[in-house]
Each structure stands twice: as C-alpha cells, then as structure tokens.
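Trainee: Now for the letters of each chain:
Protein chains: 2
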Amino acid sequence: MYRSHTCGELRASHINTEITLSGWVQKSRDKGFIVWVDLRDRYGITQLVFDEERTPKDMMEKAQKLGREFVIQVTGTVIERASKNMNLQTGDIEILVSKLDILNESLLPPFTIEDKTDGGEDIRMKYRYLDIRRNPVKNNLIFRHKVTQEVRNYLSKEGFIEVETPYLIKSTPEGARDFVVPSRMNEGQFYALPQSPQTFKQLLMVGGMDKYFQIAKCFRDEDLRADRQPEFTQIDCEMAFVEQEDILNAFEGLTRHLLKEVNGVEISEFPRMLYDDAMRLYGNDKPDIRFGMKFGELNDVAQHKDFGVFNDAELVIGFAVPGGNAYTRKEIDQLIDWVKRPQVGALGMIYSRCNDDGTYKSSVDKFYDQDDLAKWAEKTGAKAGDLVCVLSGPTNKVRAQLSALRMELAERLGLRKPDEFAPLWVMDFPLLEWDEETERFHAMHHPFTSPKPGQLELLKTNPAEVKANAYDLVLNGNEIGGGSIRIHDKNTQALMFDYLGFTEEEAKAQFGFLMDAFQYGAPPHGGLAFGLDRLVAILHGKETIRDFIAFPKNNSGRDVMIDAPAPLDDKQLQELSLKLNLKS
Amino acid sequence: MYRSHTCGELRASHINTEITLSGWVQKSRDKGFIVWVDLRDRYGITQLVFDEERTPKDMMEKAQKLGREFVIQVTGTVIERASKNMNLQTGDIEILVSKLDILNESLLPPFTIEDKTDGGEDIRMKYRYLDIRRNPVKNNLIFRHKVTQEVRNYLSKEGFIEVETPYLIKSTPEGARDFVVPSRMNEGQFYALPQSPQTFKQLLMVGGMDKYFQIAKCFRDEDLRADRQPEFTQIDCEMAFVEQEDILNAFEGLTRHLLKEVNGVEISEFPRMLYDDAMRLYGNDKPDIRFGMKFGELNDVAQHKDFGVFNDAELVIGFAVPGGNAYTRKEIDQLIDWVKRPQVGALGMIYSRCNDDGTYKSSVDKFYDQDDLAKWAEKTGAKAGDLVCVLSGPTNKVRAQLSALRMELAERLGLRKPDEFAPLWVMDFPLLEWDEETERFHAMHHPFTSPKPGQLELLKTNPAEVKANAYDLVLNGNEIGGGSIRIHDKNTQALMFDYLGFTEEEAKAQFGFLMDAFQYGAPPHGGLAFGLDRLVAILHGKETIRDFIAFPKNNSGRDVMIDAPAPLDDKQLQELSLKLNLKS
Chain P
62 MYRSHTCGEL RASHINTEIT LSGWVQKSRD KGFIVWVDLR DRYGITQLVF
112 DEERTPKDMM EKAQKLGREF VIQVTGTVIE RASKNMNLQT GDIEILVSKL
162 DILNESLLPP FTIEDKTDGG EDIRMKYRYL DIRRNPVKNN LIFRHKVTQE
212 VRNYLSKEGF IEVETPYLIK STPEGARDFV VPSRMNEGQF YALPQSPQTF
262 KQLLMVGGMD KYFQIAKCFR DEDLRADRQP EFTQIDCEMA FVEQEDILNA
312 FEGLTRHLLK EVNGVEISEF PRMLYDDAMR LYGNDKPDIR FGMKFGELND
362 VAQHKDFGVF NDAELVIGFA VPGGNAYTRK EIDQLIDWVK RPQVGALGMI
412 YSRCNDDGTY KSSVDKFYDQ DDLAKWAEKT GAKAGDLVCV LSGPTNKVRA
462 QLSALRMELA ERLGLRKPDE FAPLWVMDFP LLEWDEETER FHAMHHPFTS
512 PKPGQLELLK TNPAEVKANA YDLVLNGNEI GGGSIRIHDK NTQALMFDYL
562 GFTEEEAKAQ FGFLMDAFQY GAPPHGGLAF GLDRLVAILH GKETIRDFIA
612 FPKNNSGRDV MIDAPAPLDD KQLQELSLKL NLKS
Chain E
62 MYRSHTCGEL RASHINTEIT LSGWVQKSRD KGFIVWVDLR DRYGITQLVF
112 DEERTPKDMM EKAQKLGREF VIQVTGTVIE RASKNMNLQT GDIEILVSKL
162 DILNESLLPP FTIEDKTDGG EDIRMKYRYL DIRRNPVKNN LIFRHKVTQE
212 VRNYLSKEGF IEVETPYLIK STPEGARDFV VPSRMNEGQF YALPQSPQTF
262 KQLLMVGGMD KYFQIAKCFR DEDLRADRQP EFTQIDCEMA FVEQEDILNA
312 FEGLTRHLLK EVNGVEISEF PRMLYDDAMR LYGNDKPDIR FGMKFGELND
362 VAQHKDFGVF NDAELVIGFA VPGGNAYTRK EIDQLIDWVK RPQVGALGMI
412 YSRCNDDGTY KSSVDKFYDQ DDLAKWAEKT GAKAGDLVCV LSGPTNKVRA
462 QLSALRMELA ERLGLRKPDE FAPLWVMDFP LLEWDEETER FHAMHHPFTS
512 PKPGQLELLK TNPAEVKANA YDLVLNGNEI GGGSIRIHDK NTQALMFDYL
562 GFTEEEAKAQ FGFLMDAFQY GAPPHGGLAF GLDRLVAILH GKETIRDFIA
612 FPKNNSGRDV MIDAPAPLDD KQLQELSLKL NLKS
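Line order of the protein sequences matches chains P and E. Numbered per my numbering, the first sequence spans residues 62 to 645. Numbered per my numbering, the second sequence spans residues 62 to 645.
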C-alpha cells in the first residue's frame, strides 16, 4: 500500500496517528539540524519534518538529498505544527517521518511546478506532463471533467441517450477540409474523420431515437490558431417531434443546470433576441448583455447637415460610455487611435461629451449644435457625465468596429465580470450568407437548416432576406452553442441543395444517404451543438481553450511533442502509396 | 407542440383526457367501418381508432390511406378499449382521434419494423436507420448508454477524472497497423489515430492525475471480422501510487456496481486465479467458471501403458461431462467428429463411460483396465453417470482443443446461463510470448508491463518463465478487461526494450517522449482497459458486438453505407499527393 491518506487530507484531528503518504517533493528547506519537505500530490500539500533529535542520521542525510519532484513514500506520525500555515488546508499539522523511501528520482524540472511558474508557454507545452502537475492546469482538467459529467447527468435524467457515432466515415467529394484516412482494406479508398456528427444524428432521428446526445470529437483539417484546434470536442444534441421552443427550453434547462452545479449561480432571466436586433443594438450576433452601452442609429439626426463624412455613410451609429466625460483629451485621442488600428479598421471616431450642466461638447461642433447633440444623447441613452462615441461607414463594417470598441471599453470599465453570467438566445439567423470569394450564397449554418415557415419561396427572389429556424446560445459575449430546426422532407432538402448551387449529382453524391433516409418517414427534428472546449473556458472565467485540453496541439516543440504529425518511414510510405494507388 | 404524451405513457387513468401524440404508423387494420392504427414512438405503441360513427368522412379516408412508417400527429381523447391488450402497457386504452396530420410519408420499408423482422442482416445494415426503429436494436443502444453512464457515475464518485487524450497523435515508425492521417499543415507529415490512449494515460500519471479514466475510441487498421471493428471503444483507466491489489479492488468495485445497477445482480464472490492454473484447469486464459468440468492431467495414469498415442503425447488431459454416460454411441461419435473439425483440430478423442454400477467402459479398453480408468475418473472428478473425454498432444494445442470441447458441451448442457454472472481475475500472465512468425519474444500485453518483482533477471536466461504484473478481468468466459502494473523507471523500461529486440534508436524514436517523462519523477502506476463493446454485449446476454453499435462497419452494402471508405475525386487526390510529397 503506497499511502494511507492523501497529501490534502490530514487535519489536527489526525494528530498522533501513524500514516503513510506518497507524492512529489514540492520543495525542501534544509537548516542543517532540521529539514522540512513539502510533499505534494493531486489533493494538496503536507509538510514533512526531519530533525537531528528525532530522525536517525542516515535518514536525515537521505532527506537532505531529496531534490525537487523526487517521488517519495513516507511513513510517520501526524504532529502539531509549531507555526501554523493558514494558507494550507493541512497547515495545522506536519509529519514526523519514521520511514523514507525514494520511489523515483527526478531531473531538475525545466520550470517551477508552482501556481505562478517561471516557465514560458513553449517549454510548458513541451513538458506538458510537468505542467499538468501545476494546480492551475490540473484544476482546469478537473473542472472540465465536472462540466462534462454534469452535462451527461442532466441530459440522461431528461431522457437523452448518448449514442456513439463513427469516426471513420465516408469521405464526401466536397469535403475539402476533411482529414482523410487511407484504408488498408480497400486500396485507393479513404475514410474521412467527421467534422461533426450532424448527418449521423439526423439518421438517428429518422431511426426514432428522439432524444440523442453525444460528447464527440470533431475534426477539421485547418491551420492551427491560438484558439482553434484541428480536433475539438462538441456536445452534440438532437431531438425529434420538437419545435424550436422545445429545443430552447431543453437547453436553457441544461445551461441553468451547469451554471448552478458548476458555478453555483442561479440564472433568473434567459432572454431571447432576434439576430437583426442583436446586430442593430450591439453590432454583433453574440452580444455580451451583462452591461448596456446599446447602439443608437444616428442617420436621422446626423445626416443632411454639412458634415460630409456622415452624409456619405451608409450608417452613422454611436453608443454612450458611462462616465466617459471624465476622459481627458489625451485618453480620447488614444481611443481614436485604438479604433484606427488595423485590427479594428475605423477611419476615425467622432465623440460628444455630455457635460454635467446638460450641455454638450463634440469633436464636430462646427456642424452640430446643442439640439443636434441632445438628439445624439437621446438616441444612445447618454446621460450627463457620459461620452457618446460615433462611427460611420458601411453598415456591416461600422457595426463590427463599434462592437469592438464597446467590448474594449466594457473590459476597461470592469463591466465584463467573470463571476456574472448572462446567457442569451439569439434567434432567426439569416439562412444564407454571401461569400465574397466564390460570389455566391452559402448556408450560414449548414444546408440542413430549415427556413422560417413560408420563406422558402423568398430564396429565389430575395435570398439575403430569408431567415432560418436557427439559434445560437450566447454566454457573456461568446457563442457557446448553435443549432436549428432541420429540413426533414426530401423535396425541401433537394430544393435547398439546388438553391445552394449543388447539381443533382453533387447533392446525391454528398448527401444521398440522408435524402434516401428522408423517404422512409423522417420525423420533424432539430438540435444544438455546444463547443465543449469554449463552454468550459467561459464557465471557468477567462482562460483560453487550450488551458482546458490535456494535450493541446501546439506549434512549438513539434519535433518532441507526441501530438505532432511526423514523417513516415520508407516502408510506411511505400505501403501508403500502394493504398493510394499512386506511384511514388 | 408535437405531442403532449409519448406513445408509451397513457393508461386507464388518462381516460377522457385530450392528448396529442406523434409517431410512426406501425400497422393499421382497416375493417371499412373502423380503422385501427398502432402508433409507435421510442417509448411504446398506442392504438388509435377511427370509425364511421364518430370520425368525419374526410379524416376516415385519410386514415385509410396511412401506410406503414408514415409519420403522423394526432389529437384525440383517451377512451377505454373494448378488448384490452395485456401485452401492451397502453393496452387498456385507445385514442379516438379528432385531428390527424401526416407529418411525413414513407416508402414501404424494405423489411418489417418488428421485433422479429423479415429482413436479413445485409439489408438491415444498409438501412440501419430503419433497423434502429426496431425494439431490439433501439433497446441495445439504450442499454449501452446505461452501461457507459453507470461507468462514469461510479468512477467519478470514486475520484477518477475523465481526461480526453488526443486522437491525432504522432505516428511511430513501427506503428504498422496504425491508421495514418496526412496533415494539410505539414506537407509529407502524418498523424496516426491511437490504437489506445496507453502512453497518454501514463503521461497523465507522470502529471500527477492519479486516478484517470476515459471512454475513448481506439483504431486499428486491420481487416474487418464479424466481431472486430476497425474503430472500437475502450474504458481506459489508470491509477498512480497503487499496487496490483489496489487496482483489482477498484475495478472489482466497478464490476460489482455495473452488475448491480445494470443487471440487478449482486456478486458474492470475485475469485482470482493464476494464469498457469487457468491454463492447467481450463485450457484457457479466460475460463467460464459458471460450471465445473475442470481438466485432469492424466500423463501419470495414462502413459507407459501400451497405448502409443498417449505415450507419445506431451500431455494427456481430460474432463468429466456430467451425465455424459447417457450419450449414445452415435452421439459420442458426433462429438468425436466435432473435435476433429478443422476449427478444433484434434486427431481424435478417447472416452471412458462411468457406469452407474461403478464400472467403466472406455474406447481403449484393450490398453486400460478398470483400475486405470478409475484413476482417470478420480483425476477428472468424474462420478457415476458421467463421461470422461480425453485428448492428447502438444500441451498448448491439446488444452485449446479440450477447452473448445468443454465450452461446446457446456453450451449444449445449458450451463452457460445468460442471467448468471461469474467474474474472475486471471493473474500473473507471462510477460512475453513467442512469436512463430518473427521467431522472437514479444510483449504479451505491451512493452510497458512490469515483470514480477525479482524476475527481470530471468529475462535473459529463461524469458518464457517470466511472469508479469498483468491481469485480465474475465466474465462468463470472456475477457472484458486487461491491464498491468507498468514500468515506471527509465532504466527498467530501456532494459525491456532491449530484451524485446529494439535498438536504442528504435526505442527512442518510438517511445522517447515516455522515457524522457520517466526522468522527471514518474510515480508507480498501473491500470486497466475494458473493451466497452464486448462488455456491453456480455452484460446484455449473447448478442454480438455489432448489435450494440449504432453504425457498425459492415462488409456489405459498402457503396451506399455512409460508414464506408470511398475513392477520392481527382482534386482531393491531387491535394493529397501534394501533402504526401508524392508525385502521381
């Protein structure tokens, strides 16, 4: 038996008990006549003590030679600690060691195994197994486990069945971003790794499994970015015989459950907002509604004066910064520089100070009088002491720019509180979006999303106006889930593929099995998928997705990391060439 | 709202309630003046009734045209059923329909959606989404969900953390059977899909995550067989600071929990058996101990007579068939034919009848007298009325043959009862096994398995004798899990690789990252992996693994199945060739 207790467990009530602990040497302090060792395991830290008076000489010497991260086993007696450590749960006691075994030695670790480490990200990624020993990383992984376990508990209790769908699936001709997997069994043939279980879950609905979920890995062969992994985890859900309302209720329930069980937060309101309103009021389809600063559209009151910049703009739009009148001229200039950065891309920013005496002072006083500026304040809800920030330009661009400014200022003002949670449904997304590159409309969500009732006909005449039965779940300004009511009859699905520019052959080759299935009594159905990686990060606070993945993909240290792709040897390449029916 | 209740929910207490149901038309009986429709959903079947008297004419006509597997929604009143159906939970009531909507039509399904279907396996695999509508398949998937949920509940309660390990990992030079995945990001480089999370879980142990589990997909690029899928699911577990005893206790607990929660069975005994004893007594490393029929070795009492077949054999071995003396000569001849089938491969079988009067009658009476045969009976535990079956030959072969016969007879005698559960630990497996093909020793489990204390030295002198700290969990004659205490220091691991014939370079290339990790304070650790697919099948009874997989790989219907590999189109192949750095 390696241990009778863990290193997080012993308290004053254990004093005089003989115990055995195992763990890692966190640190040791050697005063010559006395040696203290902090012993660490997953559960905490316990102080060990060796001293000249009570410890045999050979053990004393052994203790003095213990290096950081040595793995040891000790037996000893729990004794009261002379100077208590209030920061440690085991701080009332220490262990007078009677037996010391070194289970494994350790090289000096390349960075300190402390909450605040001296290691940079690259070295910590290279030695991820050492990074995991640190509390922040370890606790993140445990937190992720807790979230997934609560997801499963809740959905199981609600009658959802977790069904595993395959990872080796049929590669479809248009799946350009699929990872493909050559099959040894069938020369020249390939599996693909799924980008999501979408079509499988729809087949399960056709199969009558009317409440399905799965926590599944998904794969996209795209470039690595800071917060995008080629493999990621999805909480994938689907229901049959449901309307949008049923789905929103089901996953509102899940979200409330998670916030309660994981964060101890009870959500009182779970508002819904139309996509169009989200764009108009926040310039963003995933608004953070923990704070106001809603947009006011100023075309009516700012155009047709002599200010050409506004007159020429498609949209003039602003919002009020609470207390922003306190900003100095220099601070406002810095804000203007901030919106002009290439990442934001505004050409400039107009502002109007709302003075405490009810007057206004704007950067465009020569074009706008006090009455005009009063209307700006009214439209943006600005009060005395606020600052109205105004941008102008093409609608989509200027909304995105002002949204970036809103989020930046909220961050600076401390309005994005990590312990406050404001979920929101954003609904009625457009069915299609224009793709500049291919110069055609693409499905905004995916081609299985159903249009709003009665809007199918609009597809031909005014495709940009067609709204979908699609919804996103937003939490604190982050999209954590998205879904839709699906098309469930073959004819509508065929029509959709047609509108999206698929030939009949292409549609059949890519999705024929689904359309075939629709012929055998497909029920109405819809669903939702949560990005687990992001959900966990958002629930936890502010860390990046990678902090919650045990072995994330990383650009650095590729040659040593076990998660990196590697060249094949000659034999493997030869075998693979055969599989591919290629000649090398 | 598509339904107020499910089709499995309504009882006599609901009579006179107005309800709405949705589901599939299981069948309809049209008597002209009255139409009964069985409406089915995931939860059950409810009878709908339409009749001339109470149903409007147009609805009556609509009802008469409903085809099998049409998806409909009905509103109506729960009424008492004239002739109750005791076989149906909803058999006391029926629905007098006031509103009928056809949600989707259906082609005639290619096989009947009944518990006993008329569809063969190929057609059911091709239309798997229809097969899933059938109770046996649907219930299997729900059963699998229940098992996995109970696994997670139990392990979470016991402090295990589920950690996701990557699916896109580094391909290792000797990973001949890996699926490889070309990486778009890195031309000429490849990921591999993991055959198991083995090395990752060991890194997690080095990382201090001392109780880990994961229900993970594993991949092997091998030929498809009836009960082997190229992707399969594993319950993967690992613990640090544990001895073998701790691991056996932990997973004995899990097994007891599953049998109790899933099967309602309390296990009283959880015996352990040495591998050597299992082979000696049952000829098999996964004995079914729900029944006896243990082997007796007869060399002492059957050799050195005049029977050359036995004299020349390495092993003479037999067991007693309870009541087997009742077999006719013809039946025994059929048994002899059975063991001579190529799948078993025995050259013949000797038998001795144990008569009720205490005498014996054997097929080799001219070589053995009553005293000899009495010793056979004694060694095999045969009683009056039994039949002693004896085989001879090379030890390993003859044990396997006799084991096959034992299992066959137990099956015929009804001793393999599906509702009786007998778990068993088989322990102290050999560390190595001889591979005829490569003419060298291979790790029986994997190269991370630790030898029994003090046996490392034997590796050089007598490798076949070295036992490992390895154990299998056996349930009813099936291996459902296996694991070992791992090597946790770099030197022993290097020694193992050396003994297994790896050069230092090969070991470094393939497992360098693990051996590097071992330098930084690796704790003693060990673990276990359950094959979930098989575990679920065994707990459920007798079905094959494929019956518990939603979308299993199947040899038939490849061209239409979505789980099949497919050829890439020219563009994809071109892109892939670039990735591979190959010229086509």
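One or more hints might be untrue.
[To be verified] Ranges between beta-carbon positions, derived for each pair: (1) E/Gln580 to P/Glu306: 37 to 43 Å; (2) E/Glu219 to P/Pro479: 28 to 34 Å; (3) E/Glu566 to P/Trp399: 23 to 29 Å; (4) P/Asp176 to E/Gln580: 22 to 28 Å.
[Unchecked claim] Non-contacting residues of chain P with respect to chain E, defined by C-beta distances greater than 12 Å in every case (computed): (5) Gly314; (6) Gly384; (7) Glu540.
[Unchecked claim] Quick look at which bits of chain E chain P covers, simulated, 3 or more residues with Cβ under 8 Å: (8) 224 to 231; (9) 504 to 510; (10) 605 to 614.
Don't read these hints as lab results, they were simulated from the structure. Model, not experiment: these values are computed from the prediction. The beta carbon of each residue, even a glycine, is placed where N, CA and C say it ideally should be.
Trainee: Against each hint, give a clear statement of whether it holds in the structure.
Mentor: For each hint, the structure was consulted:
As the Cβ distance of E/Gln580 to P/Glu306 is approximately 58 Å, the hint placing it in 37 to 43 Å is violated. One distance hint, 28 to 34 Å for the beta-carbon pair E/Glu219 and P/Pro479, holds here, with the actual separation near 31 Å. For E/Glu566 and P/Trp399, the Cβ-Cβ distance of about 55 Å falls outside the hinted range of 23 to 29 Å, so the restraint is violated. Look at P/Asp176 against E/Gln580: about 24 Å separates their beta carbons, and that is inside 22 to 28 Å.
Even its closest Cβ contact with chain E, about 16 Å, leaves P/Gly314 beyond 12 Å, as expected for a residue assigned away from the interface. Against the 12 Å criterion, P/Gly384 stays outside the reach of chain E, whose nearest CB is about 44 Å from its own CB. For P/Glu540, the requirement that its beta carbon stay farther than 12 Å from each beta carbon of chain E is met, with the minimum near 21 Å. By the rule of at least three residues with a Cβ nearer than 8 Å to a Cβ of chain P, the coverage given for the region 224 to 231 of chain E holds, with 8 such residues.
For the region 504 to 510 of chain E, the stated coverage by chain P is not satisfied: 0 residues place a CB nearer than 8 Å to a CB of that chain, which falls below the threshold of 3. Figure legend: the region 605 to 614 of chain E, annotated as covered by chain P; annotation consistent (4 residues with Cβ-Cβ distances under 8 Å, at least 3 required).
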